[in-house]
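For the sequence shown, my numbering assigns the number 151 to the initial residue and increments by one for each residue that follows.
If you are wondering where the hints come from, they were derived from the structure by calculation, not from laboratory data.
Do not take every clue at face value.
What the hints assert, rightly or not - No farther apart than 27 Å at their CA atoms in a straight line, the calculated lysine-lysine pairs in the DSS-like style are these:
hint : residue 1 : residue 2
1    : 355       : 615
2    : 594       : 615
3    : 273       : 309
Predicted, not measured: the structure shown is a model, and the values here were computed from it.
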Amino acid sequence: MPVSQTGRTLALRNRDEQIQGMADREFDVVVVGGGITGSGIALDCTARGLSVALVDKGDFAIGTSSRSTKLVHGGLRYLAQYQFRVTHEALTERYVLEQLAPGLVEWTPFVLPMYGSVFEMAKVGVGLVLYDTLAGGRTPNPHRRIGADELAAMAPGLKRDRLLGAYVYSDCRTDDVRLTLEVLKTAASRGATIANHAEVTGFVKEGGRATGVQVTDRLGGRRFVVRGRTVVLATGVWIDHLLRMDDPAAPRCVRPAKGVHLVIERARFGFDVALFLPTAPDGRLVFVVPWQGATLIGTTDTDYDESIDSPLATREDCEYLLTSINNAFPEARLTMADLVSVQAGLRPLVSAGGGDTTKVSREDRIFETASGIVAIAGGKLTTYRKMAERVTDLVVKRHVAAGHLTTAPVCATDRIGIGGFAPGPTPALGSANLPAATLEYLLKTYGRSAATVAEIAAEQAVLAKPIVPTLPSVMAEITYAVRHEQARTIADALARRTHVVQLTRDQGRAVAERVGRVMAGELGWNDAELRSQLASFETEVSQYSVPA
């Protein structure tokens, strides 16, 4: 059974103190990368008794871990490509994560319409039997076949020409950023020292072995060294940059593949179920997923060789997805004008030559350099915990061999509840002076940590007010993000601690200054710093704006 986190402090402690603490000691492990994989490694290492420092050059989950399809799933497409090991591991992890973070990882019915070929429908039915079998029966409902009339009730407007029916099966959704933050906070509660906006600019070496990293605080400008017996790189698509910092002749490890998602208002287009549509122009299947009161549509899968710091969705990307939806729902007639926001993320696929990115395996791979650096590439959100386990197994093996550990502790993260969503009693928020709908939203978003957000909302009347009138988010979340989740820029608060950027047509520009002033009160910004923050916010959130 999962271990409750009751009694532990669930917060990312003061960032300045964390940086000071990093510079004053040697750690067993230095993790570079604050996405879901690095966060999972930090938690696994701390759970096995290792001291850990984690840094990220940007914000936590700023890359792929905030730009996914928000699914914790086995991957039907991988099964169709005979990637049975990947599918089985992902289905097992889907169950584990739902147990560790119920409410944050939640079951959802997925609908897969079938057109044209009776043989193809039968083939997919066999695949779903295998999907359920590989899951070990650990789903709330096995897949079932439905007719056209029941399908029409679930997805009104779906094209009926040559429609044979559909399959309904179970998979899970999550908030990818929130999952990353809750894993990080769980690692922090077990002693990990963690800081964002801290960029690794080089490696410290002794006798040719990496014994630490050189770091620059991108907010304060301080340069310092973090020493560690093992350096682990979990930086996604940035991994090649860091490996070549260690060895300029290092071969390419990662093949970035761009995935674009669209956000559309639920009132314009959306359903209570998720859809997996076989109507893309090139034969790919496209997801339509309920998300944050809106609808998320994705994704593309194309090679990418431009800036990995700021991938952009092009008009061509958007029109590809809109065409896919309009093929399935002819009366929807979605256009670029219907888009609220867009986002482009980069999958860190293991480099394996050329060919279609859709056919590249989603398996992960661990690399060890001549200097002793451990790096991991590939994988997917769903399997982050197993990826972390494999890396930590290697780290532990090294520490035992070097005499730093007398025994090899085994992985326990399959029994450690995740942050405020670990199984346990729901906090009573009835005394909070907030509308019932807001309290319900806070519980769903923060789990038991909602009580802390509600307490902050009671400090000042302004903190109980909505950030945006059309969304349930309240200003207290901004203060909470600064105090407990190391939000240090306006984009940290509006693009990742909340989803205002993705859920408003102006990407939060109208409220950015008001949010900035709340943050300034917490962080001591003067007017010049606030102006600088607003300029930086504009630069970052332009990535989410609908292309002209």
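Verification of the hints:
1. Restraint check for residue 355 and residue 615: not satisfied, since their Cα atoms lie roughly 51 Å apart, outside the 27 Å limit.
2. The straight-line distance between the Cα atoms of residue 594 and residue 615 is roughly 18 Å, inside the 27 Å bound, and the hint therefore holds.
3. With a C-alpha separation of about 22 Å, the suggested pair residue 273 and residue 309 falls inside the 27 Å cut-off, and the hint holds.
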